[in-house]
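K.L.:
These are the residues of each chain, in order.
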Amino acid sequence: MNATDTNGLVFDIQRFSLHDGPGIRTTIFLKGCPLNCAWCHNPEAKPYKQQLSFNENLCTSCMECVKVCNNTVHSFVNGKHNVNFDACELSGKCVEVCPSEALQIIGKEYSTNEIINIVLRDKKYFENSNGGLTISGGEPLAQFKFTKSLLMKAKDAGLHTAIETCGFAKEQQYLDILPYVDLFLYDIKAAEDKKHIEFTGASNKLILLNLDLLSNNGANIILRCPLIPGVNDSEEHLSFIAGLNKKYQNILKVEVMAFHNIGRDKSKNIGVEYKFNDKPNADENTKRMWIAKLEDYGCTNISIG
Amino acid sequence: MKKNFKTEIKFTRTYKEYINHHPAIREAHCLKAEFPDYFQPIQQNDLYAGRLKHGLVGFSPDEWGSTAFGYYILKPELQNILNDETTDEKTKKEIEEIISFWETENTSAKIRRSYPPEMAKYLPSDDWMNQSGIAFPLYRLTGGNINFKKLMQLGLPGLRKEILSKLATAKENNLDEKFYEGSLIALNVINDIIDYYIRDAETQKELADAENILRLNNIIDTLKLIKDSRPKTLREGIQLFWLYANAADVRNYGRMDVYLGDLLANDLDCRIITEVEALKMLQSLWQLMADKHTVVHNRVIIGGKGRANENNADRFAILAMEASRTVLEIEPQLSLRIYEGMNPDVFDKALEVIGEGRTFPIIYNDDVNLNSVVKAFGFTEKEAEQYVPYGCGEYILEHQSFGTPSGVINLLKALEVTLHNGIDPVTKKQMGLALGTFESFKTFDDLWNGYKKQIEHYVRIMADHEALEYNVAGEVAPYLLMSMLYDDCLEKGKGIFSGGIRYLGGTLETYGNTNTADSLLVIKKLIYVDKSVSKEELLKAIDNNFIGFEKLKKKIADVPKYGNDIDEADDMLLKVHNHVCNYVRDQKDRVGLHSYMIVNINNSANTLMGRSTSASADGRLAFTSMNNGNTPTSGNDKNGITSLLNSIVKPATDIHAGAVQNIKFSSQMFTEHKDELKALLKTYFENGGAQAMITVVNRGDLENAMNEPEKYKHVFVRVGGFSARFVELAKDIQLDILNRTLY
Numbered sequence: 000m001n002a003t004d005t006n007g008l009v010f011d012i013q014r015f016s017l018h019d020g021p022g023i024r025t026t027i028f029l030k031g032c033p034l035n036c037a038w039c040h041n042p043e044a045k046p047y048k049q050q051l052s053f054n055e056n057l058c059t060s061c062m063e064c065v066k067v068c069n070n071t072v073h074s075f076v077n078g079k080h081n082v083n084f085d086a087c088e089l090s091g092k093c094v095e096v097c098p099s100e101a102l103q104i105i106g107k108e109y110s111t112n113e114i115i116n117i118v119l120r121d122k123k124y125f126e127n128s129n130g131g132l133t134i135s136g137g138e139p140l141a142q143f144k145f146t147k148s149l150l151m152k153a154k155d156a157g158l159h160t161a162i163e164t165c166g167f168a169k170e171q172q173y174l175d176i177l178p179y180v181d182l183f184l185y186d187i188k189a190a191e192d193k194k195h196i197e198f199t200g201a202s203n204k205l206i207l208l209n210l211d212l213l214s215n216n217g218a219n220i221i222l223r224c225p226l227i228p229g230v231n232d233s234e235e236h237l238s239f240i241a242g243l244n245k246k247y248q249n250i251l252k253v254e255v256m257a258f259h260n261i262g263r264d265k266s267k268n269i270g271v272e273y274k275f276n277d278k279p280n281a282d283e284n285t286k287r288m289w290i291a292k293l294e295d296y297g298c299t300n301i302s303i304g
Numbered sequence: 000m001k002k003n004f005k006t007e008i009k010f011t012r013t014y015k016e017y018i019n020h021h022p023a024i025r026e027a028h029c030l031k032a033e034f035p036d037y038f039q040p041i042q043q044n045d046l047y048a049g050r051l052k053h054g055l056v057g058f059s060p061d062e063w064g065s066t067a068f069g070y071y072i073l074k075p076e077l078q079n080i081l082n083d084e085t086t087d088e089k090t091k092k093e094i095e096e097i098i099s100f101w102e103t104e105n106t107s108a109k110i111r112r113s114y115p116p117e118m119a120k121y122l123p124s125d126d127w128m129n130q131s132g133i134a135f136p137l138y139r140l141t142g143g144n145i146n147f148k149k150l151m152q153l154g155l156p157g158l159r160k161e162i163l164s165k166l167a168t169a170k171e172n173n174l175d176e177k178f179y180e181g182s183l184i185a186l187n188v189i190n191d192i193i194d195y196y197i198r199d200a201e202t203q204k205e206l207a208d209a210e211n212i213l214r215l216n217n218i219i220d221t222l223k224l225i226k227d228s229r230p231k232t233l234r235e236g237i238q239l240f241w242l243y244a245n246a247a248d249v250r251n252y253g254r255m256d257v258y259l260g261d262l263l264a265n266d267l268d269c270r271i272i273t274e275v276e277a278l279k280m281l282q283s284l285w286q287l288m289a290d291k292h293t294v295v296h297n298r299v300i301i302g303g304k305g306r307a308n309e310n311n312a313d314r315f316a317i318l319a320m321e322a323s324r325t326v327l328e329i330e331p332q333l334s335l336r337i338y339e340g341m342n343p344d345v346f347d348k349a350l351e352v353i354g355e356g357r358t359f360p361i362i363y364n365d366d367v368n369l370n371s372v373v374k375a376f377g378f379t380e381k382e383a384e385q386y387v388p389y390g391c392g393e394y395i396l397e398h399q400s401f402g403t404p405s406g407v408i409n410l411l412k413a414l415e416v417t418l419h420n421g422i423d424p425v426t427k428k429q430m431g432l433a434l435g436t437f438e439s440f441k442t443f444d445d446l447w448n449g450y451k452k453q454i455e456h457y458v459r460i461m462a463d464h465e466a467l468e469y470n471v472a473g474e475v476a477p478y479l480l481m482s483m484l485y486d487d488c489l490e491k492g493k494g495i496f497s498g499g500i501r502y503l504g505g506t507l508e509t510y511g512n513t514n515t516a517d518s519l520l521v522i523k524k525l526i527y528v529d530k531s532v533s534k535e536e537l538l539k540a541i542d543n544n545f546i547g548f549e550k551l552k553k554k555i556a557d558v559p560k561y562g563n564d565i566d567e568a569d570d571m572l573l574k575v576h577n578h579v580c581n582y583v584r585d586q587k588d589r590v591g592l593h594s595y596m597i598v599n600i601n602n603s604a605n606t607l608m609g610r611s612t613s614a615s616a617d618g619r620l621a622f623t624s625m626n627n628g629n630t631p632t633s634g635n636d637k638n639g640i641t642s643l644l645n646s647i648v649k650p651a652t653d654i655h656a657g658a659v660q661n662i663k664f665s666s667q668m669f670t671e672h673k674d675e676l677k678a679l680l681k682t683y684f685e686n687g688g689a690q691a692m693i694t695v696v697n698r699g700d701l702e703n704a705m706n707e708p709e710k711y712k713h714v715f716v717r718v719g720g721f722s723a724r725f726v727e728l729a730k731d732i733q734l735d736i737l738n739r740t741l742y
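Protein sequences appear in the order of chains E and H. Once you know that position 126 of the first sequence is 125 in numbering that gives the first Met the number 0, the rest is easy, because the numbers rise by one and skip nothing. Once you know that position 192 of the second sequence is 191 in numbering that gives the first Met the number 0, the rest is easy, because the numbers rise by one and skip nothing.
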């Protein structure tokens, strides 16, 4: 099989990634996601296009950005640097002159060949650790052609492949990539559809359907369950997760993704609202309690992801 | 402050008395004059005798202070005593006499006096730690690894017997009788030291409690035994090793698991001692080593191919690592040689000790190094099995070869001076070759050729210097206690540096390699390829430490740097590396050495020499640390640990005599991701990783330690070729380590 080279929008390449599948992996983070989860820890992944990011902590107020921008994105009021993100046309001029790397353009075009060449540099590390390539995001299937091409190339090169997916994509797309995916890291966010719509902006029907589809077609699955204290860690949801675990033989493991407020600063940097500004990270006791409950409901293999 | 100079006076008098005698006889009598006086009493808790504190004049192959080696004088210390008001007139007079005699008679002075004019012109200073310069000489015969195995097998009586038999037939074999006569006197000095310690222990017993009487009795019994026969137990073996190493002033101990492994195994198997007792014995030895505060020496080698009784040696190796885990000191520098198929328990033990943040053992990969040693030095495969790293990480063959680094070269300074047409911008004085202004280098190749010329000019001088230093050192003395346990010396009746040694090699320490490569790539890209910056602007930026050149600094930051698995950057490093390695290596025949190679090791010279090096084109600020060994400039590796490891395996390992790699891990890696960590290291070594020095710290520890040093004395870090308590380092060295990427 010869996958065609195709371009995609990538916002990060993480080598020696230890948290997105087994062993030592390289994780490719793609831009674009159909969901809009309130707790998202990669808010810069949501839009399907490049965007400007501004880290206030790094800004030295040199005002070089003001001088070069044609769209008055940058202004200083009482010494404070304001960014009008909506006006930005991504010329990249301000990034070029910013001496402190406070400004960045998130998202870079790569071809699948370029990506696979970077990934293959660590092939031996994958082999010695049973690791491989993970495609994450965003939602990898939001850039379906790119993801499929990358997966095919990875399989061609003999790599173990994983994708981290929110489950919200066309059924046919899952069937198309299934032969090239060794492991699905599959997100489950809320049992109740109304809540799911409230938290993520979309219904969970298609997601559960796709889970069923993948399970029936022999996919290896790890359920990844973001748990946000007081938001979606209800008894109902935990028992629902355990139910899925019992129902599908192919679910190898349940990974609890405990809430982390890393999304807060990132949201601020790209000028979007973050709903959980004041929510503390999940503490160890809470995590232990979740695991105990999941076990009570019949989950057998649980870990903190 | 020292008040009593009797031994210094005696030593000086003895030297004068024997000044025109055969060097072996002169040295032997000088040893007799300084020892056992310079040995200090047994201390509370010591299980062995042997604490050496050299005097202000004396004899030693290795350095005792800046430029102090051979027949040495510690002039600054003596000068302090002279300047002190409380020093009486009689003492002052004695000191003045000592200084005035040794000022010209010390070995380093003799070496400097014999510099030809060109060498003297380009090596004007010996003060590499404080002055600006491209290259500096070092004065020492360091890194000798003597044949302790033979010492264990023969014991003192056996060694004496061998020398006597050589002496008996020397005349008929046309060998130098005086060499053997001197050797016998020197060997008797060891007996003098033993006798001194027996007396010391007897005296201490008078005031000791029951437990300490037992300890002292053990020492006395052991000393008596090793005087009369070869060591038969671990305790005797360690005692003999330690006294001999101190008297010979050998500071790197070679394959200890080989020469003590059998004694340990026998003791344990015959139930002479328990494991617990064996550990206590090593712990005491480790403490004695630590108390020597050599900083960069005290190498103990364990593991590796070419060990006769591998099982016994591995038992010793595991115990040695346990000693390093439990004795919370920065020395000895325990170094483990690993290889495919080795006992996995040994490697697991190593990871346990490293994971606790002990920085030891340092790991050397035989599967890469044996082949490199064969190619780099021209040794046979069998010979290469006996390579040992010493000091900061230079390789030699145990008791067969020598490779003392007798100079340092700052590659980045050479580039800086080349960009300024031979002027050192720090001192504003002419320093190197004037090869034209930066403006006059029309192409990148022009600049590269200029840089090469500058380096090559200094390398030739340094190679000449190495040979010259050995020549003078060999004329001055045969270094008897070291030579009698170096292969071929007894057979030839010659000292190591007087024609006795089998393979006499030398090394040159290079610094700033990575900064130089990164700077060259910045210059190439911004000036010669993109033409987005003018030479004038770059030079101005460098000369102004980038103040007012923030935009340029950003451009520089965007140019790839070594250590990120980006070929463009790594290739420039290879260009710099290959050039200096090969050019240095080509000097050996011209200067008559078996080998002459660079070592890309590091003590803290990257920081010390960085203090005199102005800002560089790679964005490094003036007077800050340069890169460390074969690793990227601190913080420049931003692509993850696998890309760092992929980069650092690229430079060839078979054209130099040793290079070090510092890697800083968080302790979570060793606790939460042990399997991945093991796979990571395994892959690194399979990919050609030659060496690894691993610092393990908790996130935040180093920052906290800078603020509250008293609470963080337990934090150990690998600086370059040595380990340290983080809180005891100078602030700029601390910052350099803090800035290293934590994986």
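Honestly, I wouldn't trust all of these hints.
Straight-line Cα separation of at most 27 Å, DSSO-like style, residue types lysine-lysine; simulated pairs [to be verified]:
| id | chain 1 | residue 1 | chain 2 | residue 2 |
| --- | --- | --- | --- | --- |
| 1 | E | K122 | H | K15 |
| 2 | E | K107 | H | K530 |
| 3 | E | K66 | H | K649 |
| 4 | H | K91 | H | K15 |
| 5 | H | K91 | E | K92 |
In short, the hints are calculated from the structure, not lab data.
K.L.:
A separate judgement is required for each hint: does it hold in the structure or not?
P.N.:
Against the structure, the hints come out as follows:
Note on K122/E and K15/H: the hinted pairing is violated, with a Cα-Cα distance of about 68 Å set against a maximum of 27 Å. Proposed proximity of K107/E and K530/H is supported: the alpha carbons are some 25 Å apart, at most 27 Å. The hinted pair formed by K66/E and K649/H fails the criterion: a straight-line CA distance of about 43 Å is larger than 27 Å. Restraint check for K91/H and K15/H: the C-alpha separation of about 20 Å stays at or below 27 Å, so the hint holds.
Restraint check for K91/H and K92/E: the C-alpha separation of about 72 Å exceeds 27 Å, so the hint is violated.
Of the hints listed earlier, those the structure fails to meet are numbers 1, 3, 5, in rising order.
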